[in-house]
Amino acid sequence: MAGILKKKFNPARAILYRSVLYFPFLLQCFSCDKEQPLLLLDQNYLMVADVLQYCQGSCNEASVWENKNAFVKGSIKDVESESKMEEYFSESKFYLQDIRNGMYLEVRITENKEAIFEKIFAAEKSDTFKVKGMLNPVLAMDGGNCLKGVVLILNHPDNINIQ
Amino acid sequence: MVLFLANTAISQGRHFFSFDAGLSHNHKGFYTLYAGIINIGGGYNIRIIRHFYGGVSLHLDYFKRTNTTAGLIIYQPKINFNYDIPVNKRIDLVTKLAGGYSFLRNSNKEYNYRETQAGFNSLAEIQVIWKTRDKFDFYIFGRYDFIYLDRNENFTRLEYYRRVNLTCFGLGVRIKDN
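In the order they appear, the protein sequences are chains F and W. According to our numbering, the stretch in the first sequence is residues 1 to 163, in order. According to our numbering, the stretch in the second sequence is residues 1 to 178, in order.
It is worth saying that the hints were derived from the structure and are not from the lab. Don't take every hint at face value.
Said to hold, decoys possible - Here are the simulated distance ranges between beta carbons:
hint	chain 1	residue 1	chain 2	residue 2	range
1	F	62	W	52	25 to 33 Å
2	F	143	W	132	33 to 41 Å
3	W	62	F	56	37 to 45 Å
4	F	149	W	79	40 to 48 Å
5	F	82	W	171	44 to 52 Å
6	W	79	F	127	25 to 33 Å
7	W	171	F	62	49 to 57 Å
8	W	134	F	35	26 to 34 Å
To be verified - Here are the computed lysine-lysine pairs in the DSS-like style, where the Cα-Cα straight-line distance is at most 27 Å:
hint	chain 1	residue 1	chain 2	residue 2
9	F	119	W	109
10	F	130	F	68
11	F	148	W	28
12	W	176	F	73
13	F	93	F	119
14	F	84	W	109
15	F	113	F	130
16	F	119	F	148
17	F	148	F	73
18	W	64	F	84
19	F	125	F	113
20	F	73	F	84
21	W	64	F	125
22	W	109	F	130
23	W	89	F	73
24	F	132	F	73
25	F	73	W	135
26	F	125	W	109
Don't be surprised by glycine CBs; every beta carbon is placed ideally from N, CA and C.
Whenever a hint applies, use it, and build me the whole structure from the sequences.
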């Protein structure tokens, strides 16, 4: 009986089966182990989608990114629409969009509104803008849950440039 | 009844082609605003031993962002292994595991933007096959794909965005050699 069992066992085949079986789970575990390191927000220009995902957190405690300077790049949303841009001008804000996945970040202008919009009005739709600003948290309620998001504060025309 | 079953006994093929199509769904991550349109693909498998098959496959996933010109096509070449578990004369349950390297082609015509990311791809799938006496077997499937994108700091600096999770449900056909 032991002889029959020994003859049937093929180690190479067993390794093959196990590798096949475990490969997807190994790949998953390998990626799950990797923790997100802290981002250097004001050294390289980050894409809008990265900033939106990174700048979240609990409403009950301060996050590491709050009130920090950040360099963000993206396209101006609705730049081709005159009426939208007028609306944004009157509200002292515009949206920086990540054209790769459609996410957008609100940029609030606290000073020098005319000079900043002068730069934006001169832009074309395909232009990418580099913006230096400060990350401010915003809180919103969603069905009883408090969510923390982010807006970028911009105060000088020198801090917004076409790439 | 016994005679009927004996007459409809269906042999296992030595190899088969398969073609399937389904509806894809993307779960969170970088492409969260994209909606799955279709997944189509096919493969070729040969029998290794008894109910155990191995082969290659190629699938394409197409995603789109509503009311925009942005689209995403995922090319998924893979090596796969299937294990057919006979449930009865007519039905097999198939478990399938696969690994490969996928290419994600992202574009937005409005901005003249085009970019390709790539990464290792693993897959787990379950099929329920309805066996026939002809050359064709039919199946329904549910699959889960996990893609771990290569590091590219120009694309993202977040680990979260490197993980792409996809599910797909659909119908397929196996073309047997007998």
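Consistency of the hints with the structure:
| no. | hint | result |
| --- | --- | --- |
| 1 | F:62 - W:52: 25 to 33 Å | 56 Å, violated |
| 2 | F:143 - W:132: 33 to 41 Å | 50 Å, violated |
| 3 | W:62 - F:56: 37 to 45 Å | 30 Å, violated |
| 4 | F:149 - W:79: 40 to 48 Å | 42 Å, holds |
| 5 | F:82 - W:171: 44 to 52 Å | 49 Å, holds |
| 6 | W:79 - F:127: 25 to 33 Å | 44 Å, violated |
| 7 | W:171 - F:62: 49 to 57 Å | 52 Å, holds |
| 8 | W:134 - F:35: 26 to 34 Å | 54 Å, violated |
| 9 | F:119 - W:109 | 25 Å, holds |
| 10 | F:130 - F:68 | 17 Å, holds |
| 11 | F:148 - W:28 | 18 Å, holds |
| 12 | W:176 - F:73 | 54 Å, violated |
| 13 | F:93 - F:119 | 14 Å, holds |
| 14 | F:84 - W:109 | 22 Å, holds |
| 15 | F:113 - F:130 | 17 Å, holds |
| 16 | F:119 - F:148 | 30 Å, violated |
| 17 | F:148 - F:73 | 21 Å, holds |
| 18 | W:64 - F:84 | 25 Å, holds |
| 19 | F:125 - F:113 | 20 Å, holds |
| 20 | F:73 - F:84 | 21 Å, holds |
| 21 | W:64 - F:125 | 21 Å, holds |
| 22 | W:109 - F:130 | 22 Å, holds |
| 23 | W:89 - F:73 | 61 Å, violated |
| 24 | F:132 - F:73 | 9 Å, holds |
| 25 | F:73 - W:135 | 56 Å, violated |
| 26 | F:125 - W:109 | 12 Å, holds |
Violated hints, in rising order: 1, 2, 3, 6, 8, 12, 16, 23 and 25; the structure is consistent with all others.
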